[in-house]
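J.: Chains G and P are the protein sequences, given in the same order. When we follow our numbering, the leftmost residue of the first sequence carries the number 1, and every step to the right adds one. When we follow our numbering, the leftmost residue of the second sequence carries the number 116, and every step to the right adds one.
In short, the hints are calculated from the structure, not lab data. Errors might be hidden in some of the hints.
[Unchecked claim] One side only, chain P facing chain G, incomplete, derived with CB under 8 Å:
1. 157
2. 180
3. 184
4. 217
5. 222
6. 223
None of these values were measured; they are calculated from a predicted model. Positions of the beta carbon are idealized from the N, C-alpha and C atoms, including for glycine.
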Amino acid sequence: NAGVTQTPKFRILKIGQSMTLQCTQDMNHNYMYWYRQDPGMGLKLIYYSVGAGITDKGEVPNGYNVSRSTTEDFPLRLELAAPSQTSVYFCASSYFPTGTGNTIYFGEGSWLTVV
Amino acid sequence: GIQVEQSPPDLILQEGANSTLRCNFSDSVNNLQWFHQNPWGQLINLFYIPSGTKQNGRLSATTVATERYSLLYISSSQTTDSGVYFCAVGVGDNYGQNFVFGPGTRLSVLP
Numbered sequence: 001n002a003g004v005t006q007t008p009k010f011r012i013l014k015i016g017q018s019m020t021l022q023c024t025q026d027m028n029h030n031y032m033y034w035y036r037q038d039p040g041m042g043l044k045l046i047y048y049s050v051g052a053g054i055t056d057k058g059e060v061p062n063g064y065n066v067s068r069s070t071t072e073d074f075p076l077r078l079e080l081a082a083p084s085q086t087s088v089y090f091c092a093s094s095y096f097p098t099g100t101g102n103t104i105y106f107g108e109g110s111w112l113t114v115v
Numbered sequence: 116g117i118q119v120e121q122s123p124p125d126l127i128l129q130e131g132a133n134s135t136l137r138c139n140f141s142d143s144v145n146n147l148q149w150f151h152q153n154p155w156g157q158l159i160n161l162f163y164i165p166s167g168t169k170q171n172g173r174l175s176a177t178t179v180a181t182e183r184y185s186l187l188y189i190s191s192s193q194t195t196d197s198g199v200y201f202c203a204v205g206v207g208d209n210y211g212q213n214f215v216f217g218p219g220t221r222l223s224v225l226p
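With the rest of the complex left out, here is chain P (with noise of 0.2 Å):
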């Protein structure tokens, strides 16, 4: 099945800091969205982005189909951009039915 690798794994930083996190997969896929879990646990849907870029407030996203990777950027981060990002492909039939998730990476926003 498709592999979902995302890196790095961890990532702290300064709040005002940018960051970079990368999501890569194995195969071609219909369907790609990045989630932010909040340390209690929410999930939230920040973006769906099968290709091309998009921007929502100090966050954007850019998928490179082709190249079987997507970014996501956060820039002058805060204390509540805190919690795991996770990067899911969908595969499949039925429009992706089947979401993949990768490892996520864990962000912590030092004050």
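Next up, chain G with everything else stripped away, as it sits in the complex (with noise of 0.2 Å):
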């Protein structure tokens, strides 16, 4: 059971490159949520998903899209990389809405710099 798998792990970009961050949780999920953590700061939710097909958007969508194909996989797309997308971005899910108590499970993370 590797619970959330995030890749890569590290990545350097070029201003205008584009990637995609990879997502797989094998805990048959039904949530999956991006976040971004800015240097000292706490993380700020860019997309979830409620189930495979269905997406919205977080506090910090903009420069972002996300796609949620099947329940375990949930990729984050960088469009145009700016400078302001370098942070860490977490992947995170769980079997209920986090409002309920639901144990949250957060992959290790991906550190991005755009230069």
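Using the hints, put the two chains back together into the complex; each one sits in its own frame.
T.: Below is the structure:
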């Protein structure tokens, strides 16, 4: 049982490049999330999904896109990378909504630098 | 939007000491959780505590929802307790899908 797996762990992008952060969970969770964490700050929600085919914006969605074609996978796409997207990205999942108090599981994070 | 504050921002303790971390929030919430981020970046859920008191080993948490604050107590601290402790509150529809995280308290426990 691997939990939540993110790849890549580290990446350097040039301004204007695009890339996809991969996230997979093997716990059959309905709910999946993408957060970003800027240095010295708490996490901010980018996008979330309540099930395959259903996604919605979080607090800071600009510059990102997501899709959820399967229960297991929730990739995050960065289009036209900008220095402001330099951050640590966390994927997370839970079986029930976070509001019910159900445990949320985080991946180990992806460190992205845009230069 | 809702504001979440945490204090103190930094805390240095000797092993074996006790500590209290505080989280204040500016509006009613339907969800409050405490997380620990270890020095390697891994985030672990500690407590779901929108109100009342819970205990788990050396850690306990209390939320007074009417006064909009929550406290995390760490007793007999160990070096493995080091890291950043985040308070997060759930707001909005869908059972609070949008977590708003506080800035965190960075705890260093010295041997």
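J.: A separate judgement is required for each hint: does it hold in the structure or not?
T.: Structure-based check of all given hints:
Because the beta carbon of residue 157/P sits about 6 Å from the nearest beta carbon in chain G, less than 8 Å, this interface hint is met. The beta carbon of residue 180/P is not positioned within 8 Å of any beta carbon in chain G (closest approach about 14 Å), and the interface hint is therefore violated. For the restraint placing residue 184/P at the interface with chain G, the shortest Cβ-Cβ distance is roughly 17 Å, beyond the 8 Å limit, so the hint is violated. Checking residue 217/P against chain G by beta carbon gives a least distance of about 5 Å; that is within 8 Å, so the hint holds.
At its closest, the beta carbon of residue 222/P sits 14 Å from a beta carbon of chain G; the interface hint therefore is violated under the 8 Å criterion. Proximity of residue 223/P to chain G is violated relative to the hint, the smallest CB-CB distance being about 15 Å (cut-off 8 Å).
The structure does not agree with the numbered hints 2, 3, 5 and 6 stated previously, though it agrees with the rest.
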